[in-house]
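Enquirer: Now for the letters of each chain:
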Amino acid sequence: DAGVIQSPRHEVTEMGQEVTLRCKPISGHDYLFWYRQTMMRGLELLIYFNNNVPIDDSGMPEDRFSAKMPNASFSTLKIQPSEPRDSAVYFCASSLTGKSPLHFGNGTRLTVT
Amino acid sequence: AQSVTQLDSQVPVFEEAPVELRCNYSSSVSVYLFWYVQYPNQGLQLLLKYLSGSTLVKGINGFEAEFNKSQTSFHLRKPSVHISDTAEYFCAVSGDNFNKFYFGSGTKLNVKP
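One line per chain: the protein sequences are A and B, in this order. All residue numbers for the first sequence refer to this note's numbering, where the first residue is 69 and numbers rise by one. All residue numbers for the second sequence refer to this note's numbering, where the first residue is 266 and numbers rise by one.
Calculated directly from the structure, the hints in this document are not laboratory data. Cβ atoms here follow ideal geometry from the backbone N, Cα and C, with glycine treated the same way. Please note: incorrect hints may appear among the correct ones.
Here are some of the chain B residues that sit facing chain A, going by a computed Cβ distance under 7 Å [claimed, not checked]:
#1 368
#2 370
#3 373
Derived lysine-lysine pairs resembling DSS-like cross-links, with alpha carbons at most 27 Å apart [to be verified]:
#4 136/A x 92/A
#5 377/B x 92/A
#6 167/A x 323/B
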């Protein structure tokens with residue numbers, strides 16, 4: 069089991085550019101979560117999917133953020149346009165059920181200059 | 266809404282000393298409780314979980330936690346810490362009525378030689 073795979077590990081971009089973060093969940097896991105971690109706010113849930121369907125996106129900060137899950141093995145989190153305050157570590161996690169432990173990827177460290 | 270409170274943001278301790286990291290949650294319904302550990306530049310890893318049954322739960326690396334329903338607590342303990350335990354620890358809760366996880370703000374454990 070390769071675990072949850074995120075790419076890229078690091079992303080540095082300029083303000084105004086589009087950023088796409090990618091996630092491959094563990095095979096067979098029905099739930100996928102996107103979190104953002106910052107020093108100021110800690111871990112924030114942005115959005116989660118069940119069977120590829122977005123269930124709760126109340127944590128998505130603004131319309132600049134969007135997430136998709138076109139199939140069970142792939143999800144993207146897009147920021148367009150990016151701003152310096154979006155700088156954070158973005159984690160993807162998956163779980164077998166809504167109550168099973170989360171399995172986290174290693175995160176994408178985003179820096180927007 | 267559910268909430269998780271980790272009362273200590275930082276806990277310094279000497280090597281081989283015992284440690285307790287505190288976690289309290291707010292929920293009036295059945296909950297599932299988790300402790301995660303995050304090492305620098307890595308994602309969160311599951312340390313232990315309480316789903317049902319015995320209130321004393323043992324996890325990896327010698328950690329254990331006790332579920333106390335009357336005090337709505339799930340404190341993490343280790344009788345003798347090692348330098349390698351230096352990391353940030355997160356308490357999390359999910360439940361029958363909510364298919365997502367609520368995380369505490371984290372406790373940084375700093376083990377000194």
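Enquirer: Which of the stated hints cannot be reconciled with the structure, identified by number in ascending sequence?
Expert: 3 and 5
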